[in-house]
Amino acid sequence: MVDVAFQPNRAAAAQSGRRRVGLRNALRRKSMSAFLMTLPLILLIAVLVIYPAFYSLHLATLNKAMTKFVGFGNFEFLFKRDTFWLVVKQSCIFAISAVVFKALIGFIVAHFVHNVPANKQRKWRGMLLVPWVIPPAMSTLAWLWLFDPSYSAFNYTLSFFGIGPIPWTGDAMWARFSVILVNVWYGAPFFMIMYLAALKSVPEQLYEAAAIDGANWWQRIWYVTLPMMRNIIAITTLFSLIVTFANFDIVRILTAGGPLDHTHIFATWAFRVGIEGSDIPLGASVSLFMVPILAVAAIFILRDITKRGNES
Amino acid sequence: MSRKKLSRREFVAATALSSAALITAPYVRGAYAAGKLSMGFWDHWVPGANSASTELVNEWAAKEKVEVQIDYITSQGNKNIVTIAAEAQAKSGHDIFQMPTWWPQANAELLEPVNDIMDPLVKLNGEVNGTVKYLGQADGKWLGVPASVGSQIKGPCSRIDLMKKYAGIDVQEMYPAGSPPKADNWTLDTFLKAAEACHKAGFPFGIGLGETSDNVDTAGAIFQSYGAHLVDAKGNLTVKTDAVRQALEFYKKLLAFLPPDVAAWDDASNNKWLVAGKGAMIMNPPSAWAVAKRDAPQVAEQCWTHGFPAGPKGRFAPYLPFFWSIWSFSKNKEAAKSLLTFLSQPASIEKMVIASGGYDLPAYEKLTTLKVWEEQGPPKGTLYHYPNPYKHQTLSIAASPAPPKVAQQIYFQATLTKMCLRYYQGEAMEKTLAWAEGECEGFMRS
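These protein sequence lines map, in sequence, to chains A and B.
Residue numbering for the first sequence follows the working numbering, beginning at 5 and increasing consecutively.
Residue numbering for the second sequence follows the working numbering, beginning at 952 and increasing consecutively.
Everything labelled a hint here was simulated from the structure, so no lab data went into it.
Since we're looking at a predicted model, the values are computed, not measured.
Be a bit skeptical, because a hint or two may be false.
[To be verified] In silico DSS-like pairs for lysine-lysine, Cα to Cα no more than 25 Å straight-line: (1) B:Lys1092 with B:Lys1203; (2) B:Lys1144 with A:Lys84; (3) B:Lys1185 with A:Lys72; (4) B:Lys1133 with B:Lys1144; (5) A:Lys84 with B:Lys1382; (6) A:Lys68 with B:Lys1116; (7) B:Lys1284 with B:Lys1092; (8) B:Lys1322 with B:Lys1302; (9) B:Lys1284 with B:Lys1014; (10) B:Lys1229 with B:Lys1244; (11) B:Lys1382 with B:Lys1191; (12) A:Lys93 with B:Lys1185; (13) B:Lys1322 with B:Lys1223; (14) B:Lys1042 with A:Lys68; (15) B:Lys1092 with A:Lys72; (16) B:Lys1042 with A:Lys72; (17) B:Lys1185 with A:Lys68; (18) B:Lys1151 with B:Lys1203; (19) B:Lys1185 with B:Lys1244; (20) A:Lys68 with B:Lys1030; (21) A:Lys68 with B:Lys1133.
Whenever a hint applies, use it, and build me the whole structure from the sequences.
Here it is in structure tokens:
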């Protein structure tokens, strides 16, 4: 015998109760609250990044007067221009060499800082981060004065040793060197701090085990440190590669692409063509050309990281 | 709390009374009855020059009952042209925008024609020069009103003492204050000899070969002095001509007498060169002299601004005008036109020129002999010949007479200075010409 009378609405009430409980549970889940908290940022990115990205795609398909759809016409035009291929070559030289040196210097400096006694590390970390925290437009202006064609402080100093004057921004090779140098100066601290964090997470027991096995300094780096840091190195390299490929301010301020276009990279040439030359569709096409290059780099690097994650 | 109910009769009576009162009351014009007007003006680098524009705009606004908003937008870092591009894309922004050189043509389809105000202004102030027409008109349509603010000639600014001592040229005698120039012998050959002499003496001319405006402007005037154009007015390629070859040969000779780092010069380099007392001449509007007056008075006292040397095809000087243009999406075009008419009255122009210390140049021929240029100093009269008062040189812009949208590319890609540099660095003449021709072909895409 049942002791509860039949209630026709009971099923519906139970269902709505379940729904409330479900919502409460969903809100209690960490992932859900995290999503809700990041939602404003996601919306902001959608408005400020995704919309402009699609708009630039749209622009890249228009003719110069922006009155006609030309499909890939702008890219076809660019592929026939020598200057464009010069810019592609320079962007690769600039980004790859800058990232390699940033990684190398960051790695070495991170080791130095790691070996500094803990109570003095904060001071060193703070000092070494200074180039990275100064807005690059400002610090590049200081570099511009150091490299100034007529009044270079570097040349003044070198003159005491009978060297120079060096055409820091007036000769194609020196100008390339100068823009890469400034980019390395600016970006190396980022690598340093990332690598330092990675170094601190390497278990000390691994080094002790390696020492018992008789590993020397180089073997400890090669067989312990580097494998433990691989993911951080890969992600930092990818991030830096993207940022360096898209660099604008350093080259724009230091050389404006000169001399003879020999320091132009995608962003500076896109600005020259699109804004200064009033050919916005072509400028958009130049800047979009970075996307496939960076996408390929991202796929390779991220695939490698995922593979290692699965293996472990 | 009691609440009185409004009866239908009372409502009708109250409405009738209020309507009668409104109709019979005298018309009171509100403070901003004629609406709003916003303008993006170029941020002048002469301290205090913006205030003259502000005062004039406010004077007009008070008279016309218009609410005005002025934004002074700097050209540092190209902020003004980035703003133009953004407003053109968004089809929204200021009502009036002060556009430099090529931008009215680049945005011709988005600008309100101003023929109705330009025609009376030309009658009032005199004819405008050919470069203003070239940059400001498309198919007979005026794309903007020439603004005196910011418009400039980039002619030679010479050191009186150094030119006299090392080149044997008395620039004050050649361009006397208050009277016509006696510059028949001031040719590109004389200029080259003077460049050589000053270079030997350790005071080379400060003429850049970089990719920025000052560098390109000088190259443009010298090319035009040889009749050398990369693209003609009809859009035909004219790179491989004797005139272009002659201009390149001239530059090759000149480059040997310039500072070794000129390939890296920007628009500040020549100013610094003069102010530091390192050179005998630069090509610039009087801004370098004005800075010298403040920072190096002994240099400023020796500066004399004068005309360009003549070449086989004439005497050309680089001229860069600004225009006040009205966007076609402006909501108050009539007020905008009224303001531009007011700003272009002789008294308004004179006020702005005085505020700029003589830097700004009106485009109209009746306004090139204002007192301000006579009085500026030291030395007194240093700017007398700056506005080209005797019209003895043709005011031009680099890359003209190519169709403006092609010329803009030649100008900003610095094709002229790049050609000079390539040839100077040892590239064969024909290879340099072939490279330039390829570039210009690319600039012609539509």
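For this session: Of all the hints given earlier, name the ones this structure violates by number, lowest first.
Result: 1, 2, 6, 12, 13, 19, 21
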